[in-house]
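Chemist: Sequence:
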Amino acid sequence: HILEPATQQYGISYLIKEFKGKGTYARVARCTDLSTKEDVAVKMYRVGMSRAGRHEAYLLRKLPRHSHSKNIVKFITSFHYQDHYCLVLEHLDRSLFDYIEEAQKLTHVGDIRYIAEQVLVALRELERHGLIHADLKPDNVMLVNQQLEPFRVKLIDLGMTMTVRSLVPGVTIQASRYRAPEVFFGTKMNGAVDMWALGCVLVYVYLGENLFPYRCEYQIMRVLTQMFEYRLKTLEEYNATQPTKPCSSGLQFFYLLRQLFQVNPAKRINALELCAIHSLHIDTNTKCPWPHIKKSMTGWSKSQESQKMA
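When we follow full-length UniProt numbering, the leftmost residue of the sequence shown carries the number 1, and every step to the right adds one.
Fair warning: there could be bad hints in the mix.
Result set (BS3-like, lysine-lysine): computed pairs, CA atoms no more than 27 Å apart in a straight line [stated by the list, open to error]:
hint, residue 1, residue 2
1, Lys74, Lys62
2, Lys74, Lys17
3, Lys74, Lys20
In case anyone wonders, no lab produced these hints; they're calculated from the structure.
Let the hints inform the model, and build the full structure from the sequences given.
Modeler: Written out as structure tokens, the structure is:
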């Protein structure tokens, strides 16, 4: 099927190759731009959802042109096709959710930390413009090209993105399994909601399952309420109770999660602070194709994963 923009922008048309996914507001197709012969992703909003599409297009245009190099999906153009509003974006490989579901194997801590660094770069870029993503989850973190550039990722789907100033206590944002406590309990919110969601995403990539594997929001709220009564152990406290010492990269990952899962958002680390701390960078002698981070090739076995979180 060929998509021909209603405005016939410069004679551009797109050949649909396959549909790759769909959500509440839109579905995404891998297409070929017939003018350049390059693959692109066309996000087609459902009839009646043009406003949401225009909102996402506005935000993508608002970000600096180089933002795609900041681990945010590259926006190309937008157009109308029949009654659908469409965004044309760079074509990416697959989501972290799809990768984890297909891989059925543990992900190395070093690779998880590389993913974390890149998502933080994207969140920091949004933060610089007074924005929060508000829908961070494995489905919205895309691998660029897993075969050629392992675990290089970009943040997608800015449809729910909003300004920090527009956050009002009591408004429901985020998917329930990645929702911060302050959203559940209707208290004051800020960019820290994205940091909580990032912690949930990293745990999902690490364990292959959600930290809060519940469909019922009240079950999640019950667990969160219990978290007010407990805290994560410090590294020193954890080490004192363990007969064996985990690898240093594992300890650093545990420390990272501890900073992300602060129930009090005022104590939760932000993207700027987390980008700056040295614990995100693991020093190994292994050469890495991306000079800004050295990946640890040391995995964490399933037996080492059974750390008590409280």
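Chemist: Against each hint, give a clear statement of whether it holds in the structure.
Modeler: Against the structure, the hints:
no. : hint            : result
1   : Lys74 <-> Lys62 : holds, 12 Å
2   : Lys74 <-> Lys17 : holds, 20 Å
3   : Lys74 <-> Lys20 : holds, 18 Å
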